[in-house]
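A.B. asks: Chains as they are written, first to last, in the working numbering: chain A, 13 to 283; chain B, -19 to 240.
Think of the hints as simulated: they come from the structure by calculation, not from any bench.
Source: prediction; values computed, not measured.
Just so it is clear, CB atoms sit at the ideal spot from N, CA and C, and this is done for glycine as well.
Don't take each hint at face value.
A few chain B positions that, by computed beta-carbon distances, are all more than 12 Å from chain A [what the hints assert, rightly or not]: (1) LYS34; (2) GLN56; (3) ASN105; (4) LEU164; (5) GLU166; (6) GLU192; (7) LEU235.
A few chain A residues that face chain B, going by a derived Cβ cut-off under 8 Å, partial list only [as the list claims (entries may be wrong)]: (8) ARG99; (9) LEU128; (10) ARG134; (11) ASP142; (12) GLY146; (13) VAL147; (14) PRO150; (15) PHE225; (16) ILE229; (17) LEU235; (18) THR239; (19) THR252.
Between beta-carbon pairs, the in silico distance windows are [said to hold, decoys possible]: (20) ARG181(A) with LYS118(B): 56 to 64 Å; (21) ARG77(B) with ILE273(A): 41 to 49 Å; (22) GLY191(A) with LYS118(B): 56 to 64 Å.
Chain residues, written in single-letter form:
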Amino acid sequence: MTGIARRGRAGSAAGVPLLFAVPAALAVGFLAIPLLGLLEQTSWRQLASELTAPQARLALRLSLVCSLGAVAISLLLGVPLAWLLARVEFPGRNLVRALTTLPMVLPPVVGGVALLLAFGRRGLVGQWLDRAFGVTLPFTTMGAVLAEAFVAMPFLVITTEAGLRAMDRRFEDAAATLGAGRWTTFRRVTLPLIAPSLGAGAALCWARALGEFGATITFAGNLPGSTQTMPLAVYLALETDLQAAIALSLVLLVVSLAVLIALRDRWFPTA
Amino acid sequence: MVRPRIRSAAAPLLLVALLAAGCGRDAGPPAGGSGPPAEIKVFAAASLTAAFGKLGEQFTAAHPGTKVVFNFAGSQALATQIRQGAPADVFAAADTRNMDKVADQVSNPQSFASNLLQIIVAKGNPKGIRGLEDLARKDLKVVLAAPEVPAGRYSKEALDKAGVTVRPVSLEDNVKAAVSKVSLGEADAGIVYVTDVTAGGDKVEGVDIPVEQNVAATYPIALVKASRYQEQAQQFIDLVRSPEGQQVLEGYGFLPVPAS
C-alpha cells in the first residue's frame, strides 16, 4: 500500500494523461448523476408522510424482517461453509466455492426461476416438502427470506473465508495445545479474531438482501405485507406514485451509503 | 491508495463540457415522405404482443419504406415512459386510464379492440373451478395482476360485480406473470384476458366469466404528437382500425369495439 502511495505521489496534475482523465470523469458522472437525479426529484416536505404511509410502512417492516432473516440463515449456514472452504482440503473444493459464489453473478430473475423449479409446489424439493409437511414456500414471507438468502449468502461466505485465511492460525494452535477443544477454540479464539471480516460480510450480505428484487418477485410473488419488500414496492409505486417510489428509494440509498461508509476500511480484509 | 492529484477544476469542467455536447435536442422533423427510411416506434400493451407482431409484418409488406419497431410492456409502464419523453410514435394501451395519463401528448385516441376476462386454470381444471365465486375458496392459491396493472383493475371490478372477496397469494406486476404462475403450477387460478389464455399454451385452460360479471377492456390507440413520422404513424393506426387489421385481432381472440 505505502509503496504504491509513494509512487502515486509522483503524479502531479500535469502528469495525468487526458486519455485517462476524460473517461474517468465521465465514469464518475455516469455513476453519480443518477443519484443526484433522485435527490433533485425528492419532495423533502412529503418525505415523512410518504414513508409513514401504510403501504410504505408495511414494505419497510417486511424488508427489515426478510433481510435480517436472510442474514441469520447466511450466518447459520455460511460461516461453517466458509470455515470448511478455508480450512479443509477436500476433493472438489474449488467446484464448491464456484457453486457458492454463482448467485453473485447469476441474474437474480434466473435465480428466482431456479428457486421456483427447486422449491416451488411442483419443484424438485418443493413437491416433497408439500407432500410430507404441507409446506409451500412461494407466496410466503419465508419464500422472500429464502430468495434474499440465495443471492446474499455468497457475500458473507467469501468475506468470512478471506478473514479465516488471513488470520494468524498460531493462536488456534496455542489454544489447542492448552487443551481447548475444537468448538471452544472456534468460539473463543477464531470467532473473535475474524469478527471484523464476519461483521463486514454480514453487513454486505444484509445490504444485498435488502436490495433484492428479481429473485423475490419471481419466486415469492408480490403481496403487500407478506412478500412485497421495499424494492418491489418501489417498482410498483413507480408507475402510479412517483414520490412514494422516490422516498423508498432514498431509504435504500441511505442504507447502502451507510454500509459503504462503515466498511470503507474493511472492504478487503486480506489486502 | 493510488491518488494522483488532478487540478481540482479540470474533472468537473470536462464532464460538463462533454455532457453539454451530448445534450443537444433532436433536430426538427425531417420533411415528411422524402429522406431516409422512416422507423416508427409503436408502444403497445403486453397483451397485444402476438397480434401486433402480425400487424407489423402486414404493415411493412404494404409500406416497404417504413420500419416498425415495437415496445411491448404493461400499459402503465408505457404511459410512464411516454410521459418521461420516450420517443414513441404510436401508443396502444389496454385501458383508457393509461391513455388519459398522456392525454396532452397524444392526438385523437380511438378504441380499436376489446378483450374479456377469463379465469385461467391448469389444464383439465383439477380444482373444479366453475366461476368467480369459487375463487374465494380457502383451498385455492389465486394470483391476480396488481391493481396498478389494467388487468388487475379489471379483475377487481369483475370480482366486485360478482360480490366475491378473494385473498390472492400474489399481485403480479403484469398479466403474463400471472399466466406463468398458473402454468408452472404454483397457483391454482388467476384472472387474465381471454387472449392470454389462448396464448398460454397447452398447460392452461380458461373458465368463462359470465357477461354480467365480466369487464370489457377497451384498447385505445393514438398518435403521439411529438412523432417525427406523423404520416407513417397514422398509416399504422389506420391499418389497425381497418377491416383487415380487425380480422387479425379477432384471430388472436380480441373482440371488436362494442358499438356505443
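A.B. asks: Could you run down the list of hints and mark each one as holding or not?
C.D. replies: Results of checking the hints against the structure:
1. LYS34: holds, 28 Å
2. GLN56: About 4 Å separates GLN56(B) from the closest Cβ of chain A, which leaves it inside 12 Å; violated.
3. ASN105: Label holds. Min Cβ-Cβ 17 Å, cutoff 12 Å.
4. LEU164: Violated, because the least Cβ-Cβ distance between LEU164(B) and chain A comes to about 6 Å, which does not exceed 12 Å.
5. GLU166: It is violated; GLU166(B) is separated from chain A by about 5 Å at its closest Cβ, not greater than 12 Å.
6. GLU192: holds, 29 Å
7. LEU235: Given that every Cβ of chain A is farther than 12 Å from that of LEU235(B), nearest at about 26 Å, it holds.
8. ARG99: violated, 32 Å
9. LEU128: With Cβ-Cβ at 6 Å, under 8 Å, it holds.
10. ARG134: holds, 4 Å
11. ASP142: violated, 11 Å
12. GLY146: Check failed: Cβ of GLY146(A) comes no nearer than 12 Å to chain B, outside 8 Å.
13. VAL147: Interface hint status for VAL147(A): violated (13 Å vs cutoff 8 Å).
14. PRO150: The hint holds - PRO150(A) has a Cβ within 8 Å of chain B, the shortest such distance being about 5 Å.
15. PHE225: Since chain B brings no Cβ nearer than about 11 Å to PHE225(A), farther than 8 Å, the hint is violated.
16. ILE229: Holds, about 7 Å.
17. LEU235: It holds, given that the least Cβ distance between LEU235(A) and chain B is near 5 Å, below 8 Å.
18. THR239: With a closest approach of 7 Å, the THR239(A) hint holds.
19. THR252: holds, 5 Å
20. ARG181(A) with LYS118(B): 56 to 64 Å: holds, 57 Å
21. ARG77(B) with ILE273(A): 41 to 49 Å: holds, 43 Å
22. GLY191(A) with LYS118(B): 56 to 64 Å: Check passed, 60 Å falls within 56 to 64 Å.
Against the hints set out earlier in the document, violations occur for numbers 2, 4, 5, 8, 11, 12, 13 and 15.
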